[in-house]
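Chemist: Chain residues, written in single-letter form:
There are 2 protein chains.
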Amino acid sequence: MNVLGMFCVRARCGLVGFRTATSLRSFAGITVDQIDEEVAKLLELKAQLGGDDGKHQFVLKTAKGTRDYNPKQMAIREKVFNTIISCFKRHGAETIDTPVFELKETLTGKYGEDSKLIYDLKDQGGELLSLRYDLTVPFARYLAMNKITNIKRYHIAKVYRRDNPAMTRGRYREFYQCDFDIAGQYDAMIPDAECLKIVHEILSELDLGDFRIKVNDRRILDGMFAVCGVPDDKFRTICSTVDKLDKMPWEDVKKEMVNEKGLSEEAADQIGEYVSMQGGMDLAERLLQDQKMSQSKQACAGLSDIKLLFSYLQLFQVTDKVVFDLSLARGLDYYTGVIYEGVLTQAGVAPVSTEAQNGAPAEESVSVGSVAGGGRYDGLVGMFDPKSRKVPCVGVSIGIERIFSIMEQKAEASAEKVRTTEVQVMVASAQKNLLEERLKLLTELWNAGIKAEVMYKKNPKLLSQLQHCEESGIPLVAILGEQELKDGVVKLRVVATREEVDISRADLIGEIRRRTSEA
Amino acid sequence: MNVLGMFCVRARCGLVGFRTATSLRSFAGITVDQIDEEVAKLLELKAQLGGDDGKHQFVLKTAKGTRDYNPKQMAIREKVFNTIISCFKRHGAETIDTPVFELKETLTGKYGEDSKLIYDLKDQGGELLSLRYDLTVPFARYLAMNKITNIKRYHIAKVYRRDNPAMTRGRYREFYQCDFDIAGQYDAMIPDAECLKIVHEILSELDLGDFRIKVNDRRILDGMFAVCGVPDDKFRTICSTVDKLDKMPWEDVKKEMVNEKGLSEEAADQIGEYVSMQGGMDLAERLLQDQKMSQSKQACAGLSDIKLLFSYLQLFQVTDKVVFDLSLARGLDYYTGVIYEGVLTQAGVAPVSTEAQNGAPAEESVSVGSVAGGGRYDGLVGMFDPKSRKVPCVGVSIGIERIFSIMEQKAEASAEKVRTTEVQVMVASAQKNLLEERLKLLTELWNAGIKAEVMYKKNPKLLSQLQHCEESGIPLVAILGEQELKDGVVKLRVVATREEVDISRADLIGEIRRRTSEA
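Top to bottom, those sequences are chains A and B. For our numbering, count along the first sequence from 1 and bump the result up by 8. For our numbering, count along the second sequence from 1 and bump the result up by 8.
If we strip away everything but chain A, and leave its shape as in the complex, we get (with noise of 0.2 Å):
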């Protein structure tokens, strides 16, 4: 092992302050392919050692920080999902899908700091693949290949992030994003104003307790790191750092700012000041007088975006959860201009996960917070065109495993069972032998469009049959007997009342379409 090890040490001395690639992209010798050609080599020798292990150690479960989701939470998450796409089809979007994975390269240089979360595919020849780490940039590259200039769109589809899962609080590796964007060059803050419209639509029909969105804007931050003396080459890391108030205290993201990133502890304080202030329309309308901050061109511009975006809400009746906050952040490098997020604000909103319930005391519930977020990326899209034209676009994405977590949590709590299938009614019998009839009546049922189920067995019990109506909410079953054949009728019971009645065969798919109709 010594031998790899000095090689290794040796090569990586001989890096330092070494970035220009050459054209042969070689360096002291070695080039890029005798590289693959190691990895390949030590990756081989990896998989002899550890490789042929898997057979005894077989493990039955899903990737880290992923999760399947049973019936009884697919009937939520439908829920969830039409909730949203219905708000975006009232909002006029079209729908698009993209592949799961894109060129690495598209991926490249886009999410800042965030990009060590991203999940590559393994060279096996061919492309350099990642996949997808959010459904913007898909987007936006999607828009410069097709030579997209307007359209209003929504996404929804998973995403994929090595970050630490914390799937009590709703985070996982693979998770769902609900993405409404408007692409465009219309006149200002209207489009901007329509998402934070549709961000209120949403958190108040899922009825998920109180919540907030808080809004910035890009250029304020901006305004406001060059007014308090930071660096420009320092403002996205410094702007990163900011991001961390809603997870750490202001003390903290202080030391973060002062001893790791190295900025002045007078720049930091006076960043603590403004990062404090919240409001309205009169916060933004103050802070464009304000001595300092009025100093810079960029905090202004943003300052009055965020007064006219203001009026629109009030228009779309929105303002009353609507708060400007100096301390939203918002980590992603792409953001151009105004931001926003969507926080629930209700004490005791705790998600639901298999830990929490074994044995963690209430108490310890925190809030799932962050619920949706988003805002104006401009520069996006020219950032894939060839020629860098560029189409201004602003959007929001529903962060939706959290709000699953809290719907589950209340369909836990709920005395009204999920039904996980829309059987209208079970084809049973209590004799024996007329399996054959049973399929002949299901055949006529679902040939006219009736939900209808059988047990697949030749002779079960009546009472297995009825029970199993009992446990998966089945309304009706339609019940064969040699005497109901003779007479040409099905005795038709409802499972809630026991009542029955004989009804013509040929008046049944009528009786049960009028007993299920209101379904």
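There may be inaccurate statements among the hints.
Because identical chains share one entry, a pair is satisfied inside a single copy or across any pair of copies.
[To be verified] When the alpha-carbon atoms are kept at most 27 Å apart in a straight line, the in silico DSS-like pairs for lysine-lysine are as follows:
1) K124 / K252
2) K97 / K166
3) K255 / K80
4) K418 / K80
5) K466 / K398
6) K97 / K499
7) K124 / K49
8) K155 / K395
9) K130 / K166
I should point out that these hints are in silico values taken from the structure, not numbers from a laboratory.
Take the given structure of chain A and dock chain B to it, following the hints.
Modeler: Below, chain B without anything else, positioned relative to chain A:
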């Protein structure tokens, strides 16, 4: 470089014949962790050498074998999904979801020769992961992990195969599967027959032209191989070759059997005779009497079940499309009983694609072939269960991409315009300075659940507002002007007829609902 090169050679030589993993997972002082570390260092070196070149060679594309869906394609996709999902729900299925990637070992040893097509994720530390290759193996893993012995579920999601893409024929590396499976110990052939009924219903309802459903049984194939003199250890590989009969003539299949797989000419010829047979229940009866075939217990069990299956298919009224076809093999390892495949037979069915449109002659269009497939896999769940408890399963997968291709072509050919939004009304104005009034009305409509939009301009031209309605199929325009505001009315314009009526503000929502309720 010599240093590195020497190390690797030495390590590999040392490992020849060395297959027993020690508990320390180390060899000659090298541990897996150390290898991980060295690999990380080398990859970092590679990134430094070549990582900065991206900008110059940037290619604006989706990954090979994948595609975006634009809003029109999504509208078609939604329609197809709705048809399929209603069928699954009519048959009483619940739905589940699983992560897009699984532990690599979960997929190992399940797909036979196709395993080489699995996408692996890069080893970035932590678990080794692969993208799911189908929905069946994750389903089996889900059942075993949650100790579920009875379920009828559907699952619609994307799967991944590093196959040679043929996008003109709807073959992609990322594609949807729509799976319906029944797990549980039931009386023979009842759930199997329901799966075929489902294929029949879906292919009929999607109205894709004529189709056939081929049926066979793995036990019949294995029995046939046995009586034809194929050695036991060659069953699977010969089965893979038989599977190619839908793409290759018999001569080539025979050549592969004899030349590549080392089968005797005589055995191959005997197989050739059997695999040319097609029929119904009668063929199963005839083969049960066949002198050679009847020597195999396995074949007889399969043939009896085919007979039983056909009796249920008669009750389900689907025998018109079902053929017992001894050439049907299906490549996957996990099937243990009945197998089937739905095939479109209408001549001239050719999928739309940009390549095909750009000059390829229409005569070259070929049938898209198989659009559904499945079978019984009674052993798969047991492979995951620590105590090898078996859960018998049967299922079907709808090959949706080929169906999309056909539906897209149909939409293209049809005069009817595909709407990509559901907007009912556009709020417009002919005069300047009415943005605020437009936004107020828009808010009223949204709050009442009406799907509405507005142009994001302070003073848009009436003509461009009307044009937008024409283009995107919006049926109504609510026009505001000074006079209307004074009178407390809105001018409601029907886009198709250009008819205009003044409606009092109070009645507007009811009137819009009334006029768009048939949609």
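Chemist: A separate judgement is required for each hint: does it hold in the structure or not?
Modeler: Going through the hints against the structure:
1. K124 / K252: Within one copy only: 17 Å inside a chain, 44 Å across chains, cut-off 27 Å.
2. K97 / K166: both (20 Å within a copy, 24 Å between copies)
3. K255 / K80: Result: close neither inside a copy nor across copies, 32 Å intra and 42 Å inter.
4. K418 / K80: within (13 Å within a copy, 37 Å between copies)
5. K466 / K398: Between copies only: 21 Å across, 67 Å inside.
6. K97 / K499: between (44 Å within a copy, 24 Å between copies)
7. K124 / K49: both (25 Å within a copy, 15 Å between copies)
8. K155 / K395: Classified as within: same-chain Cα gap 11 Å, cross-chain 57 Å, threshold 27 Å.
9. K130 / K166: both (20 Å within a copy, 19 Å between copies)
In summary, the structure is inconsistent with hint 3 from the numbered list given earlier, while agreeing with all the others.
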